[in-house]
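Chain by chain, the residues:
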Amino acid sequence: MDKRVKTLRDAVAPITEGASVMIGGFGSSGIPFGLIDALLDQGTGGLTVISNNAGAGETGIAKLLKAGQVARVICSYPRSPGSIWFERRYEAGEIALEVVPQGTLAERIRAAGAGLGGFLTPTGYGTLLAEGKETRVIDGKGYVFEHPLRADFALLRAARGDRWGNLSFHGTARNFNPVMAMGAAHSIAEVRVLSDAPLDPETVVTPGIFVQSVTEYGVRP
Amino acid sequence: MDKRVKTLRDAVAPITEGASVMIGGFGSSGIPFGLIDALLDQGTGGLTVISNNAGAGETGIAKLLKAGQVARVICSYPRSPGSIWFERRYEAGEIALEVVPQGTLAERIRAAGAGLGGFLTPTGYGTLLAEGKETRVIDGKGYVFEHPLRADFALLRAARGDRWGNLSFHGTARNFNPVMAMGAAHSIAEVRVLSDAPLDPETVVTPGIFVQSVTEYGVRP
Amino acid sequence: MRRLGDADLAARVARDIPDGAYVNLGIGKPTHVSGHVPEGREVIYHSENGIIGVGPVPPEGQEDPEMIDASKRFITVAPGAAFFEHCDSFAMMRGGHIDIAVLGAYQVAQNGDLANWATDDERYPPAVGGAMDLVVGVPTIFVMMRHQNRDGSPKLLERCTFPLTGLGVVNRVFTDLAVLDVTPDGFRLVDLTPGNDLADVQAVTGATIHT
Amino acid sequence: MRRLGDADLAARVARDIPDGAYVNLGIGKPTHVSGHVPEGREVIYHSENGIIGVGPVPPEGQEDPEMIDASKRFITVAPGAAFFEHCDSFAMMRGGHIDIAVLGAYQVAQNGDLANWATDDERYPPAVGGAMDLVVGVPTIFVMMRHQNRDGSPKLLERCTFPLTGLGVVNRVFTDLAVLDVTPDGFRLVDLTPGNDLADVQAVTGATIHT
Chain A
1 MDKRVKTLRD
11 AVAPITEGAS
21 VMIGGFGSSG
31 IPFGLIDALL
41 DQGTGGLTVI
51 SNNAGAGETG
61 IAKLLKAGQV
71 ARVICSYPRS
81 PGSIWFERRY
91 EAGEIALEVV
101 PQGTLAERIR
111 AAGAGLGGFL
121 TPTGYGTLLA
131 EGKETRVIDG
141 KGYVFEHPLR
151 ADFALLRAAR
161 GDRWGNLSFH
171 GTARNFNPVM
181 AMGAAHSIAE
191 VRVLSDAPLD
201 PETVVTPGIF
211 VQSVTEYGVR
221 P
Chain B
1 MDKRVKTLRD
11 AVAPITEGAS
21 VMIGGFGSSG
31 IPFGLIDALL
41 DQGTGGLTVI
51 SNNAGAGETG
61 IAKLLKAGQV
71 ARVICSYPRS
81 PGSIWFERRY
91 EAGEIALEVV
101 PQGTLAERIR
111 AAGAGLGGFL
121 TPTGYGTLLA
131 EGKETRVIDG
141 KGYVFEHPLR
151 ADFALLRAAR
161 GDRWGNLSFH
171 GTARNFNPVM
181 AMGAAHSIAE
191 VRVLSDAPLD
201 PETVVTPGIF
211 VQSVTEYGVR
221 P
Chain C
1 MRRLGDADLA
11 ARVARDIPDG
21 AYVNLGIGKP
31 THVSGHVPEG
41 REVIYHSENG
51 IIGVGPVPPE
61 GQEDPEMIDA
71 SKRFITVAPG
81 AAFFEHCDSF
91 AMMRGGHIDI
101 AVLGAYQVAQ
111 NGDLANWATD
121 DERYPPAVGG
131 AMDLVVGVPT
141 IFVMMRHQNR
151 DGSPKLLERC
161 TFPLTGLGVV
171 NRVFTDLAVL
181 DVTPDGFRLV
191 DLTPGNDLAD
201 VQAVTGATIH
211 T
Chain D
1 MRRLGDADLA
11 ARVARDIPDG
21 AYVNLGIGKP
31 THVSGHVPEG
41 REVIYHSENG
51 IIGVGPVPPE
61 GQEDPEMIDA
71 SKRFITVAPG
81 AAFFEHCDSF
91 AMMRGGHIDI
101 AVLGAYQVAQ
111 NGDLANWATD
121 DERYPPAVGG
131 AMDLVVGVPT
141 IFVMMRHQNR
151 DGSPKLLERC
161 TFPLTGLGVV
171 NRVFTDLAVL
181 DVTPDGFRLV
191 DLTPGNDLAD
201 VQAVTGATIH
211 T
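Residue numbers (full-length UniProt numbering), protein chains in the order written: chain A, 1 to 221; chain B, 1 to 221; chain C, 1 to 211; chain D, 1 to 211.
If you are wondering where the hints come from, they were derived from the structure by calculation, not from laboratory data. Be a bit skeptical, because a hint or two may be false.
Taking lysine-lysine pairs in the DSS-like style, the calculated list, with each CA pair at most 25 Å apart, reads [stated by the list, open to error]: (1) K141/A with K133/B; (2) K141/B with K133/A; (3) K29/D with K66/A; (4) K66/A with K133/A; (5) K72/C with K63/B; (6) K72/D with K29/D; (7) K63/A with K29/D; (8) K63/B with K6/B; (9) K133/B with K133/A; (10) K29/C with K72/C; (11) K72/C with K66/B.
Covered, in the sense of this in silico footprint (three residues per stretch, anywhere, with C-beta under 8 Å from a C-beta of chain D), are these stretches of chain A [what the hints assert, rightly or not]: (12) 96-102; (13) 118-125.
Ideal placement from N, C-alpha and C gives every residue a C-beta, glycine not left out.
Just chain A, same shape as in the assembly (with noise of 0.2 Å):
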């Protein structure tokens, strides 16, 4: 078994027009901005992307979405401080939003990954982002019931792989890396070293059952 792939462009060459695409990382940690780069060189477009940010300033998704590729964004916090590609195309009424409050973000990802048809959630109970949806009260409590979220690809960043596919991470930077390589059916990861060892069963974050295809992309953001 050996998912090793030579370069960033032929690790996001399955990616087709319209894919949906979850892309890891929360602020700079653990974003895979190779293949990001990849994907825009690429040019691909009609995107859905699933990550918790929607970029900032010229970098990461902010690139993708400058360049026109995305349709559609479904995350958690997409205004930040210098996301303006983002604010620029969804007030010009450019791309389709869904916000989805964090954990439910990752918790829809992982039902996905897990095979599982929907759960319930306290979360957003009684708010604007709980209109529409069914809910359900337990016991005096209010829960929403949420839908799994699954996507064709996961790009992910990691700090070690080997050609099974296994994945771990440094600091801060697994946020939502784990998790989407679940919920894919096609996950794409970018790690810092590829090792020629199999990396330790202990400490293996992300099995390499999870992971599709890696790639080394040494540069550090």
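Given the coordinates of chain A, assemble chains B, C and D onto it according to the supplied hints.
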């Protein structure tokens, strides 16, 4: 913050008559034999035991069953070679039994620990174990609605721990231990080695926030 | 009739497991399949108790009580292995990440219904384990069993009579007498154990075998 | 009226955080609370992006781009820290494992309703982050904010007018003018910023302050 407790006896002292107690382990791996023995010595009765298995021979949960301390068992696989005390108590009508598919058992405990109100799983749909339960068909696939499963206490076994309650495991001995740490109000861990230094934050499997007390028990099964 | 022994049956199942597959082997006979996968194929074995990349049984004296599989056999790790806890383990199963599961069975029906966790003998308390999670999540379910019960009665049926594990979940059945696929039309013959005659196998099968 | 500056307000909040508490500090002003916890108390800080045991800001030049908190500030680890992924992080919040969360707010109502994620200004696209998960799960919610908006209008109200983050979730409000508990009767005075008069504070509050 110091969650260290001197003896196994002190660790189980908060467990009172009629409590619900999750017990980690699968087969003979990751079972908190020391804490079970301490609970046996304490003699606390009327317990609801939540565990994958119901003990075999004269060890582990089987001891509690033999001593008549268990009123109810919630597990996926009570019957296994040598589970004589479970079988004796069950046949005599002395214990109540709820059989839950193994993945549903883990997921119900997780739902409790994660503050969710329940979830839809395809597991068991159309079978005896779904009888009387709410069901739903989504995109042609049948799902069963399952409720969170919480407990007053969890008894856990780990390889290493520190004074903050952080735990790491060895080999296949994780099994139900991490999720039970989340699902119980008061989680008690016996660890082979109680480290003076904090565990490496990258390799902690169960963060100490899920653990209320930790005690060293170096004996291996 | 020619009946495959356990080792030959395990080898027959192993032939149908492709290179690179993620496979869960059920308790009992299916455990032996891993010893028969043809040379040159890298198959990665998942065990529900929290490992992917199950390696061979360790040499005597080198057993680690915290390194076991779902059958409680002592194991080692294969290269590329990972350990994890139960929720992640069952996410792999329920979420469709494992490619193939090989399970034993009491009964299989021609519509793919599987009964492998409880009989109609009420003296035994029920014990389901992870079988129900496997069958709903893993896209390819292989069943590996004897063609008949000890009393000669058929285990391949028009409808199961024992409590079900899952509905319409079985893809292929490997028995000591034949290999059969479950199709929309019912059981369809894949191959017979060499030396057997279809009519003889049909005679000990509780549903029509299509060819 | 005497108005606490940001540092004094952070110190006032910190006074109410007990030894051994697990605490989540929201983006912005709440981040500064950790710098003011009285000596001798070990408080463990959770950050939603995957760390429990947030340590102080690193010395200049020693920042690690993969060591940040939810406010995107560079951080270090405190002894006893652990890293984890997002589902586990939010399980800590939603599941009631964290003891106290300190959040900023646009508005707080006397029934404990909180509005802190969207105003009625439709030019801004909404951004909710993790606030809704925190308020439903964490048993004690502290709000830390100015008592009034820049135009002098009250932020403590009988009912919120902005979209809600959570219903009946706030326990205590720390402002530059006073500290108030949310009780079944409405706002109840805990203490006034020294030098202030209750009548003056009541005059800039949009709901009755009980004493």
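Status of each hint after checking the structure:
1. K141/A with K133/B: holds (21 Å)
2. K141/B with K133/A: holds (21 Å)
3. K29/D with K66/A: violated (32 Å)
4. K66/A with K133/A: Roughly 32 Å separates the two Cα atoms, so the pair is violated.
5. K72/C with K63/B: Status holds; Cα separation ~20 Å.
6. K72/D with K29/D: holds (13 Å)
7. K63/A with K29/D: violated (30 Å)
8. K63/B with K6/B: It holds: about 24 Å lies between the C-alpha atoms, which stays within 25 Å.
9. K133/B with K133/A: Given that 25 Å is the threshold and the Cα spacing comes to 22 Å, the pair holds.
10. K29/C with K72/C: holds (13 Å)
11. K72/C with K66/B: holds (23 Å)
12. 96-102: It holds, with 5 qualifying residues against the three required.
13. 118-125: It holds, with 5 qualifying residues against the three required.
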